[in-house]
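Asks: So the sequence lines, in the order shown, correspond to chains Z and V. 332 is the number that the numbering used here gives to position 332 of the first sequence; each next residue is one higher, with no gaps. 169 is the number that the numbering used here gives to position 169 of the second sequence; each next residue is one higher, with no gaps.
One or more hints might be untrue.
Derived lysine-lysine pairs resembling DSS-like cross-links, with alpha carbons at most 30 Å apart [stated by the list, open to error]:
| # | chain 1 | residue 1 | chain 2 | residue 2 |
| --- | --- | --- | --- | --- |
| 1 | V | K47 | V | K32 |
| 2 | Z | K6 | V | K87 |
| 3 | V | K32 | Z | K11 |
| 4 | Z | K3 | V | K14 |
| 5 | Z | K361 | Z | K242 |
| 6 | Z | K3 | Z | K138 |
| 7 | Z | K317 | V | K179 |
| 8 | V | K14 | Z | K328 |
Don't read these hints as lab results, they were simulated from the structure.
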Amino acid sequence: MEKKQKLILRKLLLGDRTKSKARLWAALIALCIGTTLLLLSVMIWWNFRELLQGKGSSDSLGSTFLSISKKITDAKMGRPELTIFSPEEINAFAKTPQVQDVGVLTSNHFPLYASLGGSLGFATEMFVEGVPDRFIDKLPDDWHWQPGDRMLPVILSSEFLNLYNYGFAVSRGLPQLSQTSIKSIAINFKVGNGSRTDNYSAYVVGFSDRISSVLVPQSFIDYGNKTYGNGITIASSRLVVKVKDPSDKAFVQYLQDHDYTTNSEQLRFSKIRAIVEVVSAATGILALLLMGIGALVFILFIELTIARAQAALTLLKEIGYSPSFLGKFMISRFSPLVFLTVLVSAIIAITVQTVAAMKVKDLFLNLPYIPGWQVWLALLISTAILFSLISRAITRAVR
Amino acid sequence: MQLSLHRLVPIPLKNKIDLKGSAIWKEEITFKENEHVFVRAPSGTGKTTLVHILYNMRTDYEGTVQWGTETLTGIDSDTLSQLRTKKLSIIFQDMRLFPELSTWENLDIKRRLTHTVTLEEVDSWLERLGIRDKKDALARTLSYGEQQRVAIIRALLQPFEWLLMDEPFSHLDHANIDKARKLIIEVVEKHKAGMILADLDENNYFPYTQTLVL
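Work out the full structure: start from the sequences and follow the hints.
Replies: Written out as structure tokens, the structure reads:
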């Protein structure tokens with residue numbers, strides 16, 4: 001379309017648009033707020049999901065890894081065979097939709113005697129466990145061991161340190177220890193008995209929030225059980241599972257049905273999730289309502305504009321302008337307004353996401369700075385619907 | 001493209017025509033390409049109705065109107081627009097200019113549909129019909145005579161095979177009629193087009209090939 005022609009058409013068809021500017025703005029603002037709310041409702045849902053299903057190991061609420069064991073009931077007491085997981089049970093568990101990965105915690109089946117010299121001097125029999133590396137929340141750099149190594153890295157549950165610092169140390173008048181000070185202490189592990197006894201220098205190299213245990217590299221456990229053990233492989237009674245979404249109702253139900261227990265605290269997200277879903281849905285409904293009203297007012301505005309220009313429109317058709325040409329002209333005049341509101345909404349959404357991501361960073365949670373594709377898909381679909389409603393209204397009014 | 005009318009009768013005039021008889025209404029008529037037809041139509045016989053039916057501005061009639069191969073009944077809007085931009089032009093009795101546009105804009109909005117006529121030509125036609133000084137005046141400020149001349153020029157700004165004219169000179173004096181008439185003849189001949197002029201009284205504005213009484 002030529003510029004001159006456009007100018008004349010604008011004069012004829014949109015000449016007194018200025019008269020109802022307030023109405024136009026009201027419609028556009030309603031549309032913009034509606035679209036923004038829609039994006040926000042999708043973002044609430046999406047961000048919460050991102051937090052629960054973080055892909056890395058330290059990026060989530062820490063709830064994606066659960067340690068699972070069988071509930072010890074009075075009837076099961078004294079019968080350890082009832083609390084172990086059979087390979088079939090492990091397989092079945094791994095196949096449930098929510099479970100992404102299952103790891104077995106293997107404990108030592110050989111005597112282990114830990115001792116510490118100096119002012120903290122103590123000696124105790126203890127246990128260690130091994131787990132595949134991918135289940136460890138923060139893998140330390142020196143987390144490896146091979147037969148022949150005298151140095152043995154250890155990951156301690158941070159809860160154990162807390163128990164010592166706030167329980168044992170306080171009650172016995174012993175010094176409280178920081179994480180870094182613990183890391184500098186060498187603990188002597190005396191392993192095995194009788195004919196085969198070895199000494200290892202164990203160092204705490206890290207702390208785990210995820211697994212309540214004393215972890216050593218899997219290679220050490222395997223070697224130890226073979227070398228110092230009695231050769232009998234004992235199945236595990238504890239599993240570490242990576243769960244897509246621990247707040248999933250079906251997953252919680254599965255645990256209950258099989259009498260499995262986990263840190264129930266970690267399932268609290270199923271409640272939060274329900275709340276988030278309600279908030280997200282409510283925002284969504286409000287958004288759709290506002291968008292509907294905005295679209296309606298906008299369409300009425302367009303129809304009013306066209307009705308006002310009806311005389312000119314009729315004459316234009318009489319001198320040879322086709323309704324489809326005129327319709328396209330009207331659409332080309334009104335669609336930039338729609339895209340402007342959509343753009344403003346998108347900018348608001350990105351801003352909100354960035355601010356939210358920065359805020360949760362202080363809580364050691366990672367969120368993307370840009371909303372995910374689900375948010376853009378919602379924007380795309382809503383824009384497409386809006387655009388088709390508007391172009392249909394125009395085509396109908398011009399015909 | 002020839003024009004065929006098949007038993008055409010406007011519904012509001014149906015009874016009246018039954019009584020009176022007409023050379024066009026209810027007849028089978030074919031106008032061959034580039035015929036010059038004069039339709040003499042005394043008041044109340046449906047002159048403007050006929051022109052509007054031929055231009056598909058009214059559809060309240062029985063019978064059919066066929067332009068070439070195109071029947072107007074149920075014609076789709078795009079085909080109709082094509083017909084109106086390329087094959088059929090019209091000078092309305094009531095001029096039908098855009099009152100809020102200037103003379104020049106009124107012509108330019110039509111001219112830009114097909115670019116059949118250059119800006120310079122439009123300018124010279126305005127000069128010929130004596131309204132060049134009104135180029136920038138809004139159409140609503142023009143006299144009827146001036147408006148009629150703008151309407152005549154506008155009708156000539158597109159290619160056409162037929163030119164419909166409904167009392168095209170009703171507001172013009174003899175001198176201006178002569179200027180307009182010459183311009184129309186010139187353009188009609190250039191396009192080798194036909195014309196249908198409907199008017200109240202006998203006239204010899206154009207060399208008609210047939211005259212019909214409505």
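Asks: So, for every hint listed, does it hold in this structure?
Replies: Hints, verified against the model:
1. V/K47 x V/K32: 20 Å, holds
2. Z/K6 x V/K87: Status holds; Cα separation ~24 Å.
3. V/K32 x Z/K11: Not OK: V/K32 and Z/K11 at ~41 Å, beyond 30 Å, violated.
4. Z/K3 x V/K14: Since the Cα atoms of Z/K3 and V/K14 sit roughly 48 Å apart, the hinted pair is violated (cutoff 30 Å).
5. Z/K361 x Z/K242: Holds, because 23 Å separates the two Cα atoms, which is no more than 30 Å.
6. Z/K3 x Z/K138: 64 Å, violated
7. Z/K317 x V/K179: This hinted pair holds, its Cα atoms lying about 29 Å apart.
8. V/K14 x Z/K328: Violated, because 40 Å separates the two Cα atoms, which is more than 30 Å.
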